[in-house]
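Chemist: Listed here are the chains, written in short residue letters.
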Amino acid sequence: MQMTKTTTAIIAAVIVIVIVAVIAMWAGGTSRTQTPTSATQAPTPTTTSPTQTVSTTQTPTQTTTTQTQTTPSVRGVLTGAGSTFIAPQLQAWSNILENATGGALAVNYQLTGSGAGISLFLNKKVDFGASDVPMPEDLYQKYKGQFVQFPAIIGSIVIAYNVPEIAYNKTGKYLNLTSEIIALIYMGNITQWCDPRIKAINPGLAAELPCKPIIAVHRSEASGTTAGFTLYLAKTVPQWNETVGWGLTVSWPIDKLGRGIGAQGNPRVAAAVLNTPYSIGYIEYAYWAVNKKEFDAKGGVAYIRNDNDGKYYFPTEESVAEGAAAALQRYAQKYGAPPAPDADWNPVSFELPNPPKGYPMLSFTYILLWKNYTAEGYPDAATRAALLREFFSWVLTEGQKPGNIVEGYIPLPSDVAKIGLEAVNSVKP
Amino acid sequence: MTSTRKVLNWIGMGLFVLLGVAATIPLFLIIIDIYSKGIDAINRLGGLWHFLTSEPPSPLSKSGGVGPPLIGTLYMTALGAIGGFALGFPLGVYIGEMRREKLANAARVGVNVLVEFPTITIGLFVYAVMGLVQDDLNRYILGPVSATLKAALGNSVFYNYVSWFVGPLDSFNAYAGAAALALVMIPYVALITASAYASVAQPLREAAYGIGGREFNALFIVMRKVVSRAVLTAALIGTAKIAGETAPLLFTAFGNNYYAPFTGSTGAVSLWIYAASETPYNVQIMSAYGAAAVLLTIILILFISARIKAIHD
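So the protein lines, in turn, are chains A and B.
Residue numbers for the first sequence follow this note's numbering, beginning at 1 and rising by one.
Residue numbers for the second sequence follow this note's numbering, beginning at 1001 and rising by one.
So here's chain A without its partners, still in its complex pose (with noise of 0.2 Å):
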């Protein structure tokens, strides 16, 4: 008895909804002819797209009387998708502005790759894309004009290695590397730590050094982390720029002498390092500094020369900024303005790495936003465009600032923040 009742139950269950959507329907399609008057919000002829949007609910009513500032009066969940680098910085954001907001704000950020990013971002199936690398220069010709890209902050990439014998808990000390030595250890050139080209520049742990092959740790998949680290070895190494150049993906010669290892993503690459003894690895900055501890316990992570200026840097927030600022100001002489919002990016990401002065290896993570949102058919493209503006806004001043930046990350200089601001102003609804 108890399976004809589970039974009519599901059959009664499926034809009601059959039911209440047959109904649904011819509602619709009357509701159009019958009563369009009665609707405050009905479609209006004129408009092609529905008007009510998805990711967004309106709310109907406005009690709220003290508001004197401009912000909409409108609540919403945006969705982005793009950079895995600067989704753990973007969703922080969003959690800040949505307690400030009492809930009226949030972002949805999904983490795809960079590349699905820009592709989603054109398809219009999200509302902004965030990408490592600017938008790619044929893409940028065919949408010049439509859209506006912009840093929203800086990463940089270090080189973490796995020496037990020269552990930085051991020594006190971190390696010294330069843009050569690490393009031949890629290469395969250099095959043993006691090599003399790296016990030449790091007298102090010369002795430490092991004679042991070193391991070269690389992304397998196509990766902005792989593009700013070959762009930078492409840029200081002629001998890299010939044989292996730059991308998202690369030919690792070094794979091909059966020391090489490829992991996906970031955390894994992390993870290979720590595992693997006497191997080398580069890595975000992020995913180093919350594993710290671990990394100097085994190894730890390499001071970087700036062939520019001859000097060593060590990965800080204070390094990373400086020859961010750095690179700019070698952008602004070489093309006589900086960067405008709706330009070519593709220059200024060339000149970030290996800057005149600071920690060398270092790369912006852009937003992509469009100019119009009515233009480009989003449904409901006032209340999109006035959350991005008010998100975008506040991301570029105060949320640049230390409490809100997530370990890990560096915060933009004010006159980089000054461009995003101008590029987010210039959304229209």
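If you're looking for bench data, these hints aren't it; they were derived computationally from the structure.
Where is the CB? At the ideal position from N, CA and C, for every residue including glycine.
There could be a bad hint or two in this list.
To be verified - Subject to a maximum C-alpha distance of 30 Å in a straight line, what follows is the list of computed DSBU-like cross-link-like pairs (lysine-lysine):
(1) 401(A) - 1062(B)
(2) 418(A) - 428(A)
(3) 1225(B) - 1309(B)
(4) 293(A) - 1037(B)
(5) 199(A) - 311(A)
(6) 401(A) - 311(A)
(7) 334(A) - 371(A)
(8) 311(A) - 334(A)
(9) 142(A) - 124(A)
(10) 292(A) - 1037(B)
(11) 1062(B) - 292(A)
(12) 371(A) - 428(A)
(13) 293(A) - 1062(B)
(14) 401(A) - 371(A)
(15) 357(A) - 293(A)
Claimed, not checked - Going by beta-carbon spacing under 8 Å, a handful of chain A positions derived as facing chain B:
(16) 106
(17) 108
(18) 287
(19) 379
Since the structure of chain A is already known, use the hints to place chain B on it.
Modeler: For chain B alone, kept in the frame of chain A given last:
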């Protein structure tokens, strides 16, 4: 002679027992690992109720939970299970009971292929279909429907509730996710239903048809007694399977860390586990373990109730 046989028998049995133990060890290791780490994480992130209702933590948070993803998982799994059963069960009856028909054969082959499909391709398929129908669906059906609803409900509180479920769809939404999950579930239910109907004893089938009633009564009332257990188990196991799916949701529900309308990006516990485990921040990794414990609990409840039902009958 007999003693050698006995020894060989013991050795043989011993090996089989060992194999059986070896097969269950990973299962228990996974359950123990997830619960020991997950329960600890839930306590440290603010307790069970807080964990089940609050938003996922950002790296700066001290506490957090899986509220929005959990609601998304429950909503999409429920819709997906209803859809999967509503289509899978009749399909199973068709290919199991009317197997002499030509189309039934084609359907069986199709379902057998579908069950082996990588679930991510099902997600991609729904994503592509969504891209094709989204504009028209919004313009001709959902736009007018939500406008009518808005007019009918006006400024009442209900409108805000209804707008969570009905309205023009974004590219990513809970309904696309539920559709993908339903597609994943259909072949499971269909195949188990089909084999259950095929296993009905021939005399019983003849008796059922021989009463002189309609075919509907023979199929769904007389024979149901025989197949009900298998079909219900299929429904529960199928639901348990789709509750934990990640791949079909990547392109359809997309994920959301906030409470937001189901017509836009919707979170799922499995998606949050994936996203959180990629970060270097301990608070997020802890929340992933807590989320895994919650998801495992949902699946174990479904699975155990399926077993209890089977034993009880």
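Chemist: Each hint needs a verdict: does it hold in this structure or not?
Modeler: Going through the hints against the structure:
1. Straight-line distance between C-alpha atoms of residue 401(A) and residue 1062(B) comes to about 19 Å, which keeps the hinted pair within the 30 Å bound.
2. Under the criterion of a C-alpha separation no larger than 30 Å, the hint pairing residue 418(A) with residue 428(A) is consistent with the structure, at around 18 Å.
3. At roughly 14 Å between alpha-carbon atoms, residue 1225(B) and residue 1309(B) fall within 30 Å of each other, so this suggested pair holds.
4. Distance restraint check for residue 293(A) and residue 1037(B): the Cα-Cα separation of roughly 22 Å lies within the 30 Å cut-off, and the hinted pair is therefore satisfied.
5. Taken as a hint, the residue 199(A) and residue 311(A) pair is honoured in the structure, with Cα atoms around 17 Å apart against an allowance of 30 Å.
6. Restraint check for residue 401(A) and residue 311(A): satisfied, since their Cα atoms lie roughly 29 Å apart, inside the 30 Å limit.
7. Simply put, residue 334(A) and residue 371(A) have alpha-carbon atoms about 28 Å apart, close enough for the 30 Å limit, and the pair holds.
8. With a CA separation close to 23 Å, the supplied pair residue 311(A) and residue 334(A) stays within the 30 Å bound.
9. For the suggested pair residue 142(A) and residue 124(A), the alpha carbons sit about 15 Å apart, so the restraint of at most 30 Å is met.
10. Note on residue 292(A) and residue 1037(B): the hinted pairing holds, with a Cα-Cα distance of about 23 Å set against a maximum of 30 Å.
11. In summary, the hint linking residue 1062(B) to residue 292(A) is supported, as the alpha carbons are separated by about 20 Å, within the 30 Å threshold.
12. Restraint check for residue 371(A) and residue 428(A): the C-alpha separation of about 6 Å stays at or below 30 Å, so the hint holds.
13. Pair hint residue 293(A) plus residue 1062(B) holds up; C-alpha atoms about 21 Å apart against a cutoff of 30 Å.
14. This hinted pair checks out: residue 401(A) and residue 371(A) have alpha carbons roughly 27 Å apart, not beyond 30 Å.
15. This hinted pair checks out: residue 357(A) and residue 293(A) have alpha carbons roughly 28 Å apart, not beyond 30 Å.
16. Below 8 Å, beta-carbon pairs count as interface contacts, and residue 106(A) has one with chain B at about 5 Å; its hint therefore holds.
17. Using the Cβ-Cβ criterion of 8 Å, the hint placing residue 108(A) at the interface with chain B is satisfied: the shortest such distance is roughly 5 Å.
18. Because the beta carbon of residue 287(A) sits about 5 Å from the nearest beta carbon in chain B, less than 8 Å, this interface hint is met.
19. The criterion of a C-beta within 8 Å of any C-beta in chain B is met by residue 379(A), whose closest approach is roughly 6 Å, and the hint holds.
In this structure, every one of the numbered hints holds.
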